[in-house]
Amino acid sequence: MAAIAPRSSEYEIEVEDVEYLRHGDTPLLARLFKPRGNGPFPAVVELHGGAWCLGDRLQDTSINEQLAHNGILVAALDFRVPPAASYPGSAVDINYGIRWLKKEATNLGSRPDMVCTFGISSGGHMAMLLGMRPQDSRYSAIPVTGAAFDAKVRGVIMGAPVIDPLGRYRYAKQLKESGKSYPEFVDLVLPLHDKYWKTEDAMAEGNPVMALERGERVELPPVLYIQDTRDIVHPRPQLERFVELYRKAGGRVDLELSEGAADAFVPRNPPQALARSLEKRDPSSPTAVRVVERMIAFVREHTR
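Per my numbering, the very first residue in the sequence shown carries number 128; after that it's consecutive.
These are calculated hints, taken from the structure and not from any lab test. Every clue listed holds true.
DSS-like cross-link-like pairs, simulated, lysine-lysine; straight-line CA separation at most 30 Å:
#1 K230 with K279
#2 K279 with K375
#3 K325 with K307
For clarity, every value in this text was computed on a predicted model and none was experimentally measured.
Start from the sequences, fold in the hints, and give me the full structure.
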């Protein structure tokens with residue numbers, strides 16, 4: 128196997144938008160962050176968060192640029208969100224996007240066997256769900272012309288994922304119905320859960336934790352799971368349950384649990400209900416820098 132490009136934080140990068148998929152008259156774009164230099168470079172398909180209903184490919188530009196400057200090709204995807212499509216529409220687009228990137232990898236300075244995924248919040252959930260079910264016939268329904276690649280990935284990075292959609296939904300409902308004051312995020316996420324998933328049955332079906340509990344036969348790519356210890360939006364017991372089940376099934380999970388880990392993830396134009404909580408994040412903090420360095424090391428380790 129050919130050696131990958133040596134690590135450097137000095138790579139200049141090129142950024143461009145390309146159409147990777149079209150539904151009718153509506154194009155879906157990928158923003159490519161391409162290191163300049165001699166590859167092959169590891170590649171990451173990046174999936175934005177936004178409770179499955181908000182956000183776009185520009186949301187995580189800051190961290191995607193950092194990855195590219197360190198010699199990682201990043202394809203940040205737009206995918207359908209409500210009202211254009213509810214579950215599993217975005218899973219169909221993302222599965223296609225992974226296969227599309229594999230098809231284009233050589234032309235972009237990477238290789239089809241060097242692809243990982245990375246997502247934040249609901250994007251982290253989608254990265255894990257697709258990582259576990261790369262050949263699900265519902266998700267892989269759209270063929271990539273002239274290519275026979277599957278959507279298996281070499282690793283999955285999750286930043287504060289909604290790892291258990293049904294568990295988070297019930298947690299938020301419980302907070303709202305308690306009669307006590309509750310965090311602002313509750314009034315944001317509950318209607319978005321309903322808009323995307325429609326039913327609790329769907330939240331249970333498209334659920335990495337519950338898939339493991341059901342004993343589904345799934346792929347188990349290596350995982351880097353990042354979460355801030357102060358996070359109340361993504362309940363810690365759900366993280367712990369996923370890690371327990373994934374490791375029991377034979378999968379590898381590396382954990383980055385630290386106060387300030389969320390500082391590495393500062394989205395552009397966040398929803399107003401979350402904006403105030405994001406104002407205190409410092410992407411230049413030592414913890415944030417360490418988180419990004421760990422992400423880079425994880426990608427490189429699993430794409431050798």
